[in-house]
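2 protein chains.
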Amino acid sequence: KLWGYTGHTMAKFLVTFAVGVITGCFAVALSKCVSILISSKLLFIQNQMTLYEEDPAMAAFIGLLWFVLFGGIMVSIATSMVQYWAPASAGAGVTLVMAYLNGNHIPNLLRFSTLITKFVGTVFAVSSGLPMGPEGPMVHIGACVASVITYMDFKYLTSGKLFGRLKVKEIAIKERLKVLDEIVSDSDHREFVSAGVSAGIAAAFAAPIGGVLFSMEEACTFWSKKTAWRCFICGALSVYTVQIINPALGDGAIPLSNMTPLTIREWAEQLPFLLVDFAMAGLLGAAFNSLRMWLWKVRAAKTLHLQRIAEVIGLVFLVGSCAFFFASTAGKCLELPPTWEEDGYGVRFLCPEGQHNDLATLFLSNTHETIIALFSMGKGSAVPGSETFVPYFSIGSLALYTACYVVLMSIGAGLAIPGGLFMPSIVVGGCWGGMWGYVIKDLIPSWKVQPGIYGMLAATGVLGSVFRSAISLVVLMVEGTRGVDYIFGIILAVVVANYVANFIHHDGVYESELERVGNVYMLQSDPPSRLNTLTTESIMATGVKGFRPIESLVTLLEVLATTSHNGFPVWSEGSDVESADLKTEGSASEDEGCRRLEGIITRSQLLVLLQRRHFVDAHGNPVGREFSEGYELELETEMRTFFRRYYTHCRYISATRQPLESLSLDNGGLAAVDLNSLYLDLRPYMNRSPVTVRKECAASRAHQVFVNLNMRHLFVVDSHNHVVGLITRKDLDHAAGHGWWRMSHQAEPPRNK
Amino acid sequence: KLWGYTGHTMAKFLVTFAVGVITGCFAVALSKCVSILISSKLLFIQNQMTLYEEDPAMAAFIGLLWFVLFGGIMVSIATSMVQYWAPASAGAGVTLVMAYLNGNHIPNLLRFSTLITKFVGTVFAVSSGLPMGPEGPMVHIGACVASVITYMDFKYLTSGKLFGRLKVKEIAIKERLKVLDEIVSDSDHREFVSAGVSAGIAAAFAAPIGGVLFSMEEACTFWSKKTAWRCFICGALSVYTVQIINPALGDGAIPLSNMTPLTIREWAEQLPFLLVDFAMAGLLGAAFNSLRMWLWKVRAAKTLHLQRIAEVIGLVFLVGSCAFFFASTAGKCLELPPTWEEDGYGVRFLCPEGQHNDLATLFLSNTHETIIALFSMGKGSAVPGSETFVPYFSIGSLALYTACYVVLMSIGAGLAIPGGLFMPSIVVGGCWGGMWGYVIKDLIPSWKVQPGIYGMLAATGVLGSVFRSAISLVVLMVEGTRGVDYIFGIILAVVVANYVANFIHHDGVYESELERVGNVYMLQSDPPSRLNTLTTESIMATGVKGFRPIESLVTLLEVLATTSHNGFPVWSEGSDVESADLKTEGSASEDEGCRRLEGIITRSQLLVLLQRRHFVDAHGNPVGREFSEGYELELETEMRTFFRRYYTHCRYISATRQPLESLSLDNGGLAAVDLNSLYLDLRPYMNRSPVTVRKECAASRAHQVFVNLNMRHLFVVDSHNHVVGLITRKDLDHAAGHGWWRMSHQAEPPRNK
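Residue numbers (my numbering), protein chains in the order written: chain A, 91 to 843; chain B, 91 to 843.
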């Protein structure tokens, strides 16, 4: 102990630091890999095309060929990894991380294999020119990093891979294991994952505060001061790491350049046009959401590996075709701005030296650089030196690109490849806004309209309408662009876009994806209003199976094998007087006479007891063993770490018959003894003081208890403390019903008899 | 309803906006008043002294006279207001706001009178030259603004002062009242107060994020996403208001000027000296804390009005004497830097034109400007133009001032006048650090030491050691000084100062003040570790008084008059079988046979029922009234708003005999009826589904339930659901015992029989 801190606190801080730094490194590596891959690909394609300069059609065809070849190889690798190795890494991953942080178990979500696939897949997806961004995957990568770091020790130490087989210092390792067991409980793990989320988004936008707020507003259900600090430290460290390695990011991830803040008069004059800008941004976002939802119907099933791979390659081909066809037919050759020349941005395509084909630039360049270019269309957006006004992009090209991009990104969202929606939404908004700005600039030349500002605000609007989040978005945009001067415009854009988009459909991309996932039950931290008018009794499940304090092995095995329940009440055998009394009342006495709640025991505890053959006879005397304190302690530790030791990342298997069969209790293992004479004494292991709710209780209060105390099973009792039902996550979700936040899918009704 | 929002949400947002803007206005008014008062006072004194320029002793005496006269008048007014009108406004007020937000009831803490006194008192205290700052009071002012706004309507509408007596639109007002009753529940009020705290500190430091973090780290116990958003919006608005009215604050409240960030080499070279700087800052903070705690013993009692006023005037005299004595004997005449001349900073005292007396400047100027001057002692701290190096302040003067100031601020903390400790701590740190920087500059002239950086970091260190907070402090300093480049130095300073100060004493200024307050029971949001080894049974109070569902008036009145309990269990009369069963067990059956918990009723509900003469006979049939739905609804509303309607700001009175006597049930009121034949039917009003804990439950779990579900009374039951005890805030506090966070005082033991 030092200064009130134990080693545990220090260890947790070290883990937090490590998560922040490593996530930052991933962010830097991601952006470096993407920019190197894209620029070398572009250079090669450009060189190949230059060979056929005299025949434009041929040149475009050759370019397309190489584009599809490169892209196809990259996405094939990525999609194969996703399909055959780590299916949980498809898509952005933010939704599933949200569900995980809400308390759902998502198999394999935070494995090491998922982390690797996510990273490689995102690099390839973005580099191959698919309309996808790295921000959403960064959230998932941050969460994976946190999970891998906190679980790593357990996995290698307990499976014996690292030290066990070498038989070196075995005792010391066991001691160390105990400390680690203490440090990382389930709720600590959740806290680290929250911190990882914050670090991921913070690193992607170079926005430490925005990271904390995103983690709080979108990702986390459980929030406390401790979590906030962890997120803050972790996010700040990851941003710091990014800036140390790549000092250019000091100006924000998507810096505004070339723009001057609007005066109050300019705001007032341009307000009507800005409102149109925001409203259209809202419509674009909503259109994307609707299209994406409609496309789910026609996508290949998740299990058809080859079809899924073909889908992705098809999208690469589609993107390439659009790019090369439109670039050669509709693209305009414009003068290359000098700042672009320095950065190596702008695709020449078939234009003369010193010019760029604007559509080719939009389609083929690094999306991140395109956004920076769009956000620099300020007052001086004419190329300096030239007398006439030459825009960065022509109006027609921007309009065409916006329309294409919305369709392509809708197709892209939901494919078996990692990729996020932040960047594409920003591109769509930036293009639309820039185009609108140029239109107004043409209409009213005296106003000095800055298309870049229209683009930036429209990008915020599209983000708002796609994600339907508010304040974290504002802070992310302000921090990401370092555009504090535009904060009121940004707020207005988010509000207007949200309002307009709400006429088309209600839920943002996270909510609708959560519905699609199906076996995920999201609990809001505030009880849904519908629960205010219900009682606990009306929402609970009644088919509760329980055990007596000393239960026979036969009954236990039967119940464990025939149900998939994870928590069981232990109820008293009941004094005759009371059960007689109850029988006359005829209320709660159903099959076992008296069901007065004594405690709760979980399936994992029972499995540990069975595995250890921890049997007693009918009177509670141990069979075939002596009492030993060390043994009991070991038992206790194993019960706590059961899922981590045996079912890391896939704890759902524990509720199937499989672990029971692997114990081989029925046959060989116990041939010598009669199964009927064996019992388990549950009293020392059950939770003797379960928090319960009364059946008259308001369902919203039950929701509060369930969520605030982080429960998995909440037993419902009557005023005699007899068990009448059980509330789980599913029941609360079912009872919440069809609120504004949920349009289609809901949990099945509770299991009542 | 619009877009999922009801009018309530909108009303709450409007309240939040109003709190932010009004708090911002208070902040601006405060700083303006202070700077005007101080500068005109200084101008007058300087002119008076110039008349006696030939006789320095006489001049100093005349100056002192006027100083004490002005200051004495101002503090007399302020202290009289505090003593005779609003005692709750003494001191910084942060501690009491913390206690309030923890769930304690503090009489009159957030009244309108407290707000006015706090504002006027702070202006006078700071203007009269006392070693006090406006930041702590700003927190209290923000909290008061929030409370006054949320409660204003109720007070004027229900007391009938505004409309009732005019009998205008009475029905419309009643309708409106219902809406307001819905809007502002106790927990909403707490949320608004949290937002006010955030707005107050944000406005004081021009740091919106720092405000949220301070509210989260220091002030609030209950924290949720909703609270965070409210704090954020409110803080951002108040900062925005401040900056609109006073654009100079755009660079932060205490901007660094004249300084260049250290290179990594400079950090490394100066590290040993910086560590000494931080350690000494920690010692200074700890010395202040110890001295302040020791001085509590010799202060006047709170009730001795005149002595308390004399104390404050005495301090003014002491400050004045120190200032004028040291300035004329030890003060050095130094050249006036040109930037100071522009700002009108620097006191000439008896020096020649174009110079200033450094000690007089330190003692007599506006503290805020002194801090800015201290933080601008950078590379160019020599007066430009002059060949030789002339510091802003001489080393001796800084040392003398640091020593004096620590003593004076220790005396000041705890007087009957509003005033905070942030500013004084920063001054002490700034002076010490600046002096140390000058010393090193003299020792190693080749290093280009910047004393201002030493001062700024030492100021952070002193703050850290006085308040023992960490991250909110770092963010506040970074935002307040806009010194992002120094963030790692700031973090190091906080850590080192905290570490060093911990050797002297453990608790920060808030913790030690909480102990001194006495009747405040602070619950941490994480259970203290001591509770992990206790059961609920061992910490609960057992002397629980309860009622039967239909209880006789005589029993009720007796229990209400003889206890000061605020919550009572309603227990069943019990079937004979069960109570017989229990008697044989001989466990929980004490005086009333069976104590099976049916529900909970509060004293306020009983008082409403009594006041409305809501009686029944022994069989539950109403006496002297018919059932009416409207009447029942009214009853329900009155129960919910009882404390706000009758005991706003002083709800403790409700648990005395006074309200009972004012009902005059014993004598006149009910002469016609026999008291013994009257009963109250509690069943329709009690909470039928109380959350309880079992007596075997770990005390830390009970703490979690109590704190997470925001309870006031938590009944402890056995497995038969019989009441065996009760846990209140006091019991949890007592059980937490003497941890690191509490050194002296603790709650009395639970009331056991």
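Just so you know, not all the hints are guaranteed correct.
Because identical chains share one entry, a pair is satisfied inside a single copy or across any pair of copies.
With a straight-line cut-off of 25 angstroms between C-alpha atoms, the simulated DSS-like cross-links for lysine-lysine are [what the hints assert, rightly or not]:
{"no.": "1", "residue 1": "315", "residue 2": "392"}
{"no.": "2", "residue 1": "102", "residue 2": "315"}
{"no.": "3", "residue 1": "422", "residue 2": "392"}
{"no.": "4", "residue 1": "820", "residue 2": "315"}
{"no.": "5", "residue 1": "102", "residue 2": "316"}
{"no.": "6", "residue 1": "538", "residue 2": "131"}
{"no.": "7", "residue 1": "387", "residue 2": "102"}
Hints were generated in silico from the structure; no laboratory data involved.
Verification of the supplied hints:
1. Taking CA atoms no more than 25 angstroms apart as the test, residue 315 paired with residue 392 passes in neither setting, with 40 angstroms inside one copy and 36 angstroms between copies.
2. Taking identical chains as interchangeable, the C-alpha atoms of residue 102 and residue 315 lie at most 25 angstroms apart whether they share a chain (15 angstroms) or sit on different chains (24 angstroms).
3. Within a single copy, residue 422 and residue 392 get their C-alpha atoms no closer than 41 angstroms, and across copies no closer than 83 angstroms, so neither meets the 25 angstroms cut-off.
4. With identical chains, the CA atoms of residue 820 and residue 315 are at most 25 angstroms apart between copies only, with a shortest distance of 24 angstroms across copies and 28 angstroms within one.
5. For the homomeric pair residue 102 and residue 316, the shortest alpha-carbon distance inside one copy (11 angstroms) is at most 25 angstroms, but the shortest distance between copies (27 angstroms) is not.
6. Proximity of residue 538 to residue 131 under the C-alpha cut-off of 25 angstroms is found in neither arrangement, the shortest distances being 38 angstroms within a copy and 51 angstroms between copies.
7. Taking the shortest Cα distances, residue 387 and residue 102 never come within 25 angstroms of each other, neither inside one copy (45 angstroms) nor across copies (42 angstroms).
Going through the hint list in order, the structure does not satisfy hints 1, 3, 6, 7.
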